Amino acid sequence: MEVCVIAKCTYKSETIMFSVSSESSMVDILKTLCLRFRGLQLGCFTLRYSVPSYPSCFLETDSDLDLMRTFLLISNEKTVDILVKDLCGISEYSGDFCVNKELIACEKGESSCSSTVEDRNEFLGRSKRASAKPLFSNEWERYIHHVGQKFDGGAEEFRLKLCKYALEVGFNFLYAGNDKKRVVAVCSNKKLEGCSWRVYASRCEATGSFVIRTLNNVHTCAGRIRESKSKMMRSRVVSSLIVDRIRAKPELKPVEIIHEFKDYYGIDISYYHAWFGKELAKLDVHGDESKSFNELVWYADAVKETNTGSLCTLDCEAGINRFRRFFVSFGGCIAGFQYCIPLLFIDATFLKSKYKGQLLCASGKNGNQGFYPLAFGVVDSETEENWTWFLQHLASILLPMGRVVTFFSDRNQGLLNAMGFVFPGWPHSYCYYHLKQNLISKYPKSGYGKLLQDRVINLFSRCAYAVTEEEFKVAMEELVIVGSSKVKAFISDLSRDHYANAFFQRNALWGDGKQFSGVL
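If you read the sequence shown in UniProt numbering, its first letter stands for residue 1, the second for the next number, and so on.
Think of the hints as simulated: they come from the structure by calculation, not from any bench. Since the model is a prediction, treat every value here as computed from it, not as a measurement. A couple of the hints might just be wrong.
What the hints assert, rightly or not - Here are the computed distance ranges between Cβ atoms for each label pair: (1) L174 - Y272: 18 to 24 Å; (2) R322 - G287: 15 to 21 Å; (3) D66 - V255: 52 to 58 Å; (4) E23 - G208: 42 to 48 Å; (5) G420 - P444: 31 to 37 Å; (6) D315 - V480: 43 to 49 Å; (7) G287 - E471: 52 to 58 Å; (8) F293 - D493: 54 to 60 Å; (9) R36 - N172: 24 to 30 Å; (10) S292 - G208: 24 to 30 Å; (11) K445 - A318: 50 to 56 Å; (12) R462 - V404: 26 to 32 Å.
What the hints assert, rightly or not - With a cut-off of at most 25 Å between alpha-carbon atoms, the simulated BS3-like pairs for lysine-lysine come out as follows: (13) K356 - K249; (14) K291 - K180; (15) K488 - K473; (16) K229 - K12; (17) K473 - K442; (18) K304 - K291; (19) K436 - K450; (20) K436 - K488; (21) K253 - K356; (22) K12 - K190.
The C-beta atom is built at its ideal place from N, Cα and C for all residues, glycine as well.
The task is simple: from the sequences and hints, build the whole structure.
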C-alpha cells in the first residue's frame, strides 16, 4: 500500500515541506535537506521527528524511517514535524569511506550503495563540523516545534521558552493575547512585512498544562539572525537562568552575571537586566521579604513549640502592629551554654536586605574554640533603647544559670550605657582589635609613615597585655612619649579596667582560681 506523508522540516527559523513516500530513503531525505537549506552540509546535522506523545524521536537510519511511516499510518496522521539540528564540535571518522562519496555512488547506481545503507546512516551521526565554542543556548531552538507540545509549568514556562526560542532563532515577537489561560504571539514584522509566523497556546483544563494549539513556524519576513543583543532577553528570562546560581551564591554581583551571560550564552545584557533579574531570582529562592514579616508570629510560636526552653519575643508598635524588634534564643543553645566557658561576645552588623536594620548577636566559644551562637536580635539601629531591650532578654537567660559571664564588645555608646544598666559590675572588656583600628586611624600612613604606626601599635599592645601594674606603667609612659598628644587624647577616653590585662577583673568573679586575660 502506498504511504505518502508530508514532512515539515525546520532548520533554525526556516521551514520546508516535501512528500515522503514508501519508496523514499534516508539518502533522499538528506539530499533534499542539503539542497534546500543554505549552508547545511551532510554529516553536520541530526534529525528528530515528533508525533503525538513523543516529541523527540530519532531519525537516523532507514529502519527509523520505516518505523516513522508505520506509526503515521496506524495513527492516521498525514503530516510529520522534523527538526534539523546542527551538531556542535567535530569528530573525525577513521573508516575508509566518505559519506559524500557514498552518495555519489548511489546516484551513479553503483552496487556499493545497497550493501552499506545501515553503516552509512550510522556514520552520519558521528561526523561533525568544526564550530565555535558550544553555548548553553544551543538547545533553545528546539523549545517550540510542533502542535500539541505541552508545557507542564503553565503559561509562565511557555512564555519563558518562547522568549528563549525567539532569541536563539533570531527574531522578535509581540503578544496579540496574553493572560493566564491563553497566549497568542505573532512576529514583530507582521505589520510591516506581513510575516505569517504565529503561535497560539492555551491551558488544558484537565491537566493545568499549556498546550500549543496552532503553530505557523514559517517566517515570510527577511533579516532573521541571532544577535548578541535582543529585546527578547528580558529580566524574567535572566532570572530563570540564574536562579540556581543565586541559590548557591547569593552574593553574586550583576557585573559577574553580565560576564557569565557573555561567556555561556553569547548574549550581551544590560546592567539593569542583570540586577533586576537577580532580584527576581532572589524572590523565587527566598520569597517576598515584606510578606516574610507576617510569618514572624507563626515562627515564634513554632520555635517555642518545637524547641523546648526557647525564648522568642516579637515586639510591634502598639495600635498599628508594625514590626519593631525581634529576639530569639533557641532552647538547645541555652542548655548547651551552661557547659561553655562563661564568655560572650556582643556585637551588631548591618542587614543588607530590602528593609535594612541591624542584627544584634551574643556568641560564646565552644570546646573546639569555635563560635557558639546564643542569642540574636533584629532591630532598626544600635540605640541605647534597643541594646537595653536585647540585654534584658539576655539577662533572663543568664541570671538563672547562677554564674557571672565576661562580656567582650566594641565601644558603641548605646551598648556601653545599656551594659552598665543591665549587668552592673559584670566583667566587660573592650575588643582589642577595635581599639587597635581606632588608634591606627589617628596615624595615617600618608602623614606619619608605617614605621611610626607600627611603633605606636606595638607599644599599645604591650600596655594591653602587661601582666603587672609596673609593666603597664613603663609601657604606657613610652607610648605617651612616642604618640604624643594623639595618644593622650585616645587614652583619656579609655578606662584601663576595660582593656588592660593588669587591671581587669578576673579571679574573684570566675571562682576557679584560674587567671584570665580580658584582652582578645
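A quick look at each hint next to the structure:
no.	hint	in the structure
1	L174 - Y272: 18 to 24 Å	22 Å, holds
2	R322 - G287: 15 to 21 Å	20 Å, holds
3	D66 - V255: 52 to 58 Å	55 Å, holds
4	E23 - G208: 42 to 48 Å	44 Å, holds
5	G420 - P444: 31 to 37 Å	33 Å, holds
6	D315 - V480: 43 to 49 Å	46 Å, holds
7	G287 - E471: 52 to 58 Å	57 Å, holds
8	F293 - D493: 54 to 60 Å	39 Å, violated
9	R36 - N172: 24 to 30 Å	26 Å, holds
10	S292 - G208: 24 to 30 Å	28 Å, holds
11	K445 - A318: 50 to 56 Å	52 Å, holds
12	R462 - V404: 26 to 32 Å	28 Å, holds
13	K356 - K249	20 Å, holds
14	K291 - K180	23 Å, holds
15	K488 - K473	14 Å, holds
16	K229 - K12	18 Å, holds
17	K473 - K442	22 Å, holds
18	K304 - K291	21 Å, holds
19	K436 - K450	14 Å, holds
20	K436 - K488	15 Å, holds
21	K253 - K356	19 Å, holds
22	K12 - K190	19 Å, holds
Checked against the numbered hints listed earlier, the structure breaks hint 8 alone; every other hint is satisfied.
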